[in-house]
Every structure is written in structure tokens, then in C-alpha cells.
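As a plain string of letters, each chain reads:
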Amino acid sequence: MEKLDFKRYTFIIGNFGSGKTEIAINLALRHASLGSSMLIDMDIINPYFKSSSKERILRDAGVEVVKPDFANTTMDVPTLPPEIYSPFDRKPDHAVFDVGGDPVGAAVLGLLKDHVMEAREECEFLFVINPMRPMQENKEAIKGLLREMMDKASLEVDRIVINGNLAYETEMEHVVHSEKIGREVSFDLGIPIKCICMREELSDEYKGDLPVLPIHIFMRPAWLDERP
Amino acid sequence: MAKKLMKGSEAIGEAAIQAGCRFFFGYPITPQNEIPEYMSRRLPQEGGVFLQAESEVAAINMVYGAGGSGARVMTSSSSPGISLKQEGISYIACAEIPCLICNMMRVGPGLGGIQPAQGDYFQATKGGGHGDYHLVVLAPSTVQEAANMVMEGFDIADTYRIPVMLLGDGMIGQIMEPVEFADYKKRELPPKTWAATGWDDKTRERAVINSLYIEPEQMKVVSERLLKRYALIKERETQVELYNTEDADYIIAAYGTTARIAKSAINKARQMGIKVGLIRPKTVWPFPDEAFSKAADTAKAFITIEMSTGQMVEDVRLAVNGKKPVEFFGTLGGFVPSTEDILEQIIKLKEAHE
Numbered sequence: 001m002e003k004l005d006f007k008r009y010t011f012i013i014g015n016f017g018s019g020k021t022e023i024a025i026n027l028a029l030r031h032a033s034l035g036s037s038m039l040i041d042m043d044i045i046n047p048y049f050k051s052s053s054k055e056r057i058l059r060d061a062g063v064e065v066v067k068p069d070f071a072n073t074t075m076d077v078p079t080l081p082p083e084i085y086s087p088f089d090r091k092p093d094h095a096v097f098d099v100g101g102d103p104v105g106a107a108v109l110g111l112l113k114d115h116v117m118e119a120r121e122e123c124e125f126l127f128v129i130n131p132m133r134p135m136q137e138n139k140e141a142i143k144g145l146l147r148e149m150m151d152k153a154s155l156e157v158d159r160i161v162i163n164g165n166l167a168y169e170t171e172m173e174h175v176v177h178s179e180k181i182g183r184e185v186s187f188d189l190g191i192p193i194k195c196i197c198m199r200e201e202l203s204d205e206y207k208g209d210l211p212v213l214p215i216h217i218f219m220r221p222a223w224l225d226e227r228p
Numbered sequence: 229m230a231k232k233l234m235k236g237s238e239a240i241g242e243a244a245i246q247a248g249c250r251f252f253f254g255y256p257i258t259p260q261n262e263i264p265e266y267m268s269r270r271l272p273q274e275g276g277v278f279l280q281a282e283s284e285v286a287a288i289n290m291v292y293g294a295g296g297s298g299a300r301v302m303t304s305s306s307s308p309g310i311s312l313k314q315e316g317i318s319y320i321a322c323a324e325i326p327c328l329i330c331n332m333m334r335v336g337p338g339l340g341g342i343q344p345a346q347g348d349y350f351q352a353t354k355g356g357g358h359g360d361y362h363l364v365v366l367a368p369s370t371v372q373e374a375a376n377m378v379m380e381g382f383d384i385a386d387t388y389r390i391p392v393m394l395l396g397d398g399m400i401g402q403i404m405e406p407v408e409f410a411d412y413k414k415r416e417l418p419p420k421t422w423a424a425t426g427w428d429d430k431t432r433e434r435a436v437i438n439s440l441y442i443e444p445e446q447m448k449v450v451s452e453r454l455l456k457r458y459a460l461i462k463e464r465e466t467q468v469e470l471y472n473t474e475d476a477d478y479i480i481a482a483y484g485t486t487a488r489i490a491k492s493a494i495n496k497a498r499q500m501g502i503k504v505g506l507i508r509p510k511t512v513w514p515f516p517d518e519a520f521s522k523a524a525d526t527a528k529a530f531i532t533i534e535m536s537t538g539q540m541v542e543d544v545r546l547a548v549n550g551k552k553p554v555e556f557f558g559t560l561g562g563f564v565p566s567t568e569d570i571l572e573q574i575i576k577l578k579e580a581h582e
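Which chain is which? The protein sequence lines are A and B, in order. The working numbering numbers the first residue of the first sequence as 1 and each following residue consecutively. The working numbering numbers the first residue of the second sequence as 229 and each following residue consecutively.
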């Protein structure tokens with residue numbers, strides 16, 4: 001299996017509900033075990049489930065967290081602090097940018113455009129897909145969203161991350177189905193696949209040949225997925 | 229259709245479309261913006277109308293108009309926005325116009341904040357607007373249930389010519405869960421002969437949509453008709469879920485997200501040998517009084533758990549009618565209680581009423 005390496009700056013974009021935030025947290029923690037790691041929560045459109053709400057877990061593991069000014073308060077003021085630029089000056093070993101969902105959320109990337117242009121070789125834009133989401137069921141729908149997001153944020157997507165999931169009801173069949181659609185999108189657009197994600201309990205069952213990023217679930221409260 | 233991973237707000241939008249709703253009028257407010265957002269993408273695909281009005285007041289009056297012409301129509305908002313709609317809701321109730329109104333409650337009073345809460349229970353179940361009227365108020369506790377209730381809500385609205393409210397807390401609107409849209413089985417509905425759809429053939433009486441009755445005799449007729457209808461709705465449409473209540477010494481009363489966390493706490497308490505169950509009103513109006521008065525014969529004590537300072541607890545006390553003590557536990561500020569918070573309350577309740 002191919003080894004999974006990440007560039008210094010990883011930008012995670014995609015449809016809301018594609019799983020960007022869980023991926024960002026998992027990546028930041030993985031990076032923290034290898035060196036200095038930053039997580040920049042740029043999600044200004046999701047009112048409740050932001051990566052910075054897991055700040056304590058992240059900080060305890062050595063991840064430095066930058067978050068929207070009013071994140072995790074009851075204020076609904078979508079502004080970002082100047083610290084979002086700091087990874088480009090301080091050059092940590094790895095920085096993960098968790099960008100808000102949909103074209104609206106991705107628009108904030110425009111703020112970083114100059115910094116990205118200067119360090120483009122060290123940047124990787126990952127587009128997360130989850131074909132279990134509404135209006136994302138097939139390759140045409142996913143390609144449409146991808147193009148729309150690239151326009152809004154004026155950026156090129158470097159790699160696709162396949163993260164087909166139905167939350168706690170995800171089975172291997174959903175992973176396999178999502179891989180098929182992800183490969184179609186990749187083929188049509190000529191954008192390579194970075195990796196495939198799945199709950200850590202499922203990753204042993206995976207028989208395919210894509211690099212696997214196992215996901216530990218942080219964002220869902222336990223009562224949500226409890227079954228009597 | 230296979231399951232999809234959907235936010236509560238998206239599932240509400242999709243369910244409305246599948247139930248034949250083709251008109252949405254609203255004004256944005258967090259935490260329910262994903263409903264208008266979803267409708268703005270999907271309704272044009274179905275030949276429907278999505279319109280962002282200039283205000284909540286305008287939006288509810290557009291609902292009044294579209295509903296008056298017989299269309300399946302909905303609006304959605306969150307607490308402060310729902311307050312703005314109250315005048316229109318009262319008019320719609322008086323004019324006997326079916327429609328669906330979604331309130332994804334956020335913390336208040338005032339502009340409050342965007343975190344989930346259940347502080348609009350009084351507003352939803354005791355009027356909200358002026359005058360003598362009721363809405364049917366459905367309170368989902370999962371994304372799937374929210375979708376099902378939207379479909380059923382439209383049918384209830386058409387059956388009784390009554391505005392129906394889907395009362396969710398912000399959490400229901402924001403969480404993502406797998407949802408399946410089973411084929412929507414419409415109830416047998418009466419034809420909308422009352423709708424203002426034109427008078428070209430002049431073969432029927434003019435349809436007049438109105439909520440102004442200057443003559444007291446006429447106003448009395450309307451109120452008596454509504455009163456009778458509310459009694460019928462109470463008899464036929466009351467819905468409640470009982471969870472582990474058969475042998476329960478202690479009963480939790482909760483609805484929406486809080487009920488779900490209560491179930492998780494009940495599972496833990498049962499492992500500790502505490503016989504505790506849940507009565508979850510699925511309709512908070514009409515309120516399932518009977519389930520509570522029946523349980524009061526055998527249970528030792530009740531506790532109502534809400535994300536508020538204590539609102540539904542009043543209806544629980546009325547239903548229990550002094551037979552047993554009814555305690556209250558509430559979280560404020562937009563905080564959602566944890567399983568452990570509720571477990572602690574169960575243990576306290578047991579110790580106080582052994």
C-alpha cells in the first residue's frame with residue numbers, strides 16, 4: 001500500500017457533511033505525533049460542529065489551534081483572526097486548514113490567496129467527497145460542486161479524498177460504493193485520489209488498493225449514536 | 229430510495245418537497261439556514277417557488293396567501309423570527325388555512341444566541357399570537373422523525389385546516405444522521421373547496437379568505453367551530469412515545485433532543501437497577517395527558533427535563549394532577565444536558581422518593 005505523506009499546508013474543502021472536520025482533527029493529531037502541528041479552523045458557516053470545539057483534546061496532543069473570533073460562543077459573527085496567516089510565517093511541520101463547507105464556506109480561502117501563491121509547492125488542496133450526502137450521489141453532482149468551489153475560492157484542487165459515510169451506519173459496502181464514484185470523478189477531471197477514509201474499526205476490512213486514512217470519531221456526542 | 233446522510237434541516241426540506249410542498253417563503257436566521265438554503269436549490273428543480281422575503285412578517289403573509297389559494301406551503305425560522313411571524317400565524321389560524329411552520333429553537337429571550345434551546349414551548353403550545361387558537365405542534369427527536377413529521381404535518385394541516393408547527397431545537401436542525409424517505413403515503417384528504425382559486429365558472433360560492441369578523445355572532449361561530457375541531461384533533465392526533473415505562477418507579481418527561489439524551493441516561497440507570505422510564509410527547513399540542521395520568525397511578529415520582537427554565541413541566545403537572553411529585557431540571561444558556569447530568573438527576577429523584 002502506498003505511504004500517506006502530507007505537504008506542509010493541507011487545505012480541506014468539500015460539501016458540508018462530507019466529513020472535513022473529522023478528517024482535519026484526525027490529520028492534525030497524526031501530524032502532532034510526528035512534529036509541530038497546527039489546525040486552523042476557518043469554518044465560519046457551521047454554527048455547532050466546528051473543529052475548534054475539540055480544542056482541549058487537540059491542545060493536549062500538542063496541536064496549536066487557531067479558530068474564528070467568536071467560535072464556540074453563542075455569537076454568530078463570521079470573522080477570522082489575523083492568526084490564520086501565521087502558519088506561513090512560522091512554518092510548522094504541518095498545518096491543516098479546516099475550511100467551511102460548500103462554495104460559501106470556501107470563499108474565505110480568498111483571504112489566503114497571496115500566501116498560497118508564494119508557497120504553492122508546499123500546499124495541497126484536498127477535496128473531500130461523500131456520495132451518501134444529498135445532491136452528491138453521483139459523479140456529475142460532485143463535479144458540479146467541485147467546479148463551483150474552485151470558482152468561488154479561485155483555487156485548483158490537487159487531490160480527492162474519498163470519505164463515503166452514513167455516520168454510525170457506515171458499512172464496507174458504502175465505502176466500496178463511494179470509492180467507485182470517487183474514481184469516476186478522479187478519472188473525468190484528471191485529479192488524483194489522495195486517500196480513502198473510513199472509521200478506524202472498518203479499516204481492516206478494506207480490500208482495495210488506495211491508501212487508507214482511518215478516522216477516529218470526535219465530533220459526535222455519544223448519545224447521538226446510541227441504540228437501545 | 230437508499231439512505232442518505234442528512235442534516236435535520238436538509239431532511240425537513242426534502243421531506244416537504246416529497247410531500248408535495250412547492251412553495252417556500254422565509255427569511256434567514258441561524259440555526260436553520262440550511263432549510264431555506266436547501267429549498268432554494270431544490271424547489272426550482274421541481275418547478276416550485278422559493279422566495280426570500282424582505283422580513284419574517286412578509287414571509288408569513290405570503291404563506292397565508294399561498295395557503296389560501298390551496299397550495300402546500302411552508303416557512304421556517306428560529307425563535308426571534310418565529311416571534312415576528314406570530315400576528316400572521318394568528319390570522320392563518322382564524323382563516324383556517326393549512327400550512328407548515330418550522331421553528332428550530334435557539335436560546336433566548338431576546339436575540340439570545342444561536343445555541344439550541346427549548347424556550348419556545350409556551351409560545352408554540354399556548355398561542356404565541358393573540359386570540360383563542362391552537363396549532364398542532366410536532367416535536368421530533370431524530371432527523372428521521374423530523375422528516376416523517378413534516379410529511380404527516382402537511383396532511384394534518386389539510387385534514388383539519390389548521391397551521392401545523394414543527395418544533396425542533398437547534399440541535400435537531402444541525403445534527404446529521406442517516407435518513408430514508410419511504411414512499412410518502414398521503415392520507416385521504418378532503419378537497420379544498422374553500423380555496424380561493426378563481427370564480428370563472430360561477431358554479432360555487434365565492435371562496436373568501438378572511439380573519440376579520442366584525443359581527444360578534446359571526447366571530448362566535450368561527451370560535452365554536454375551532455373549539456370543536458381542537459377537541460377532535462386532541463382525540464385523534466395525540467402522539468406519545470413510552471420508553472421503559474411499564475415497570476417504572478420514576479418517569480422522565482422530555483421531548484426533542486432532551487428526550488434522546490434522557491434515553492441514554494435511562495439505559496445507564498437501568499444497569500444500576502433503577503427502574504426509570506420516559507414519556508416523550510411527540511405532539512406537544514395536543515399534549516398526551518392520559519399517558520401521564522395513567523403513569524401517575526404506579527410511578528413514585530416524575531421529573532421533567534428541558535433546555536429551558538421550565539415550560540412543559542406545567543403541562544406535566546396538570547396531567548399528573550397532584551397525584552405524584554413532579555420535579556424539574558433545566559439547562560440554560562444554550563447548553564445541552566449530558567447523559568451524566570440526567571443520570572445524576574435520576575439518582576437524586578430516586579433518593580428523594582424511595
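What the hints contain is simulated information worked out from the structure, not anything from laboratory work. A few of these clues could be false.
Example chain B residues on the side facing chain A (calculated, C-beta under 7 Å, incomplete) [unchecked claim]:
id	residue
1	Lys232
2	Leu233
3	Gln280
4	Pro406
5	Glu408
6	Ile489
7	Ser492
8	Thr567
Given the structure is predicted, the values throughout are model-derived calculations rather than measurements. Just so you know, even glycine gets a beta-carbon here, dropped at the ideal spot from N, CA and C.
Okay, the hints, checked on the actual structure:
{"no.": "1", "hint": "Lys232", "result": "5 Å, holds"}
{"no.": "2", "hint": "Leu233", "result": "5 Å, holds"}
{"no.": "3", "hint": "Gln280", "result": "15 Å, violated"}
{"no.": "4", "hint": "Pro406", "result": "4 Å, holds"}
{"no.": "5", "hint": "Glu408", "result": "10 Å, violated"}
{"no.": "6", "hint": "Ile489", "result": "5 Å, holds"}
{"no.": "7", "hint": "Ser492", "result": "4 Å, holds"}
{"no.": "8", "hint": "Thr567", "result": "5 Å, holds"}
Hints 3 and 5, counting from the list given before, are not met by this structure.
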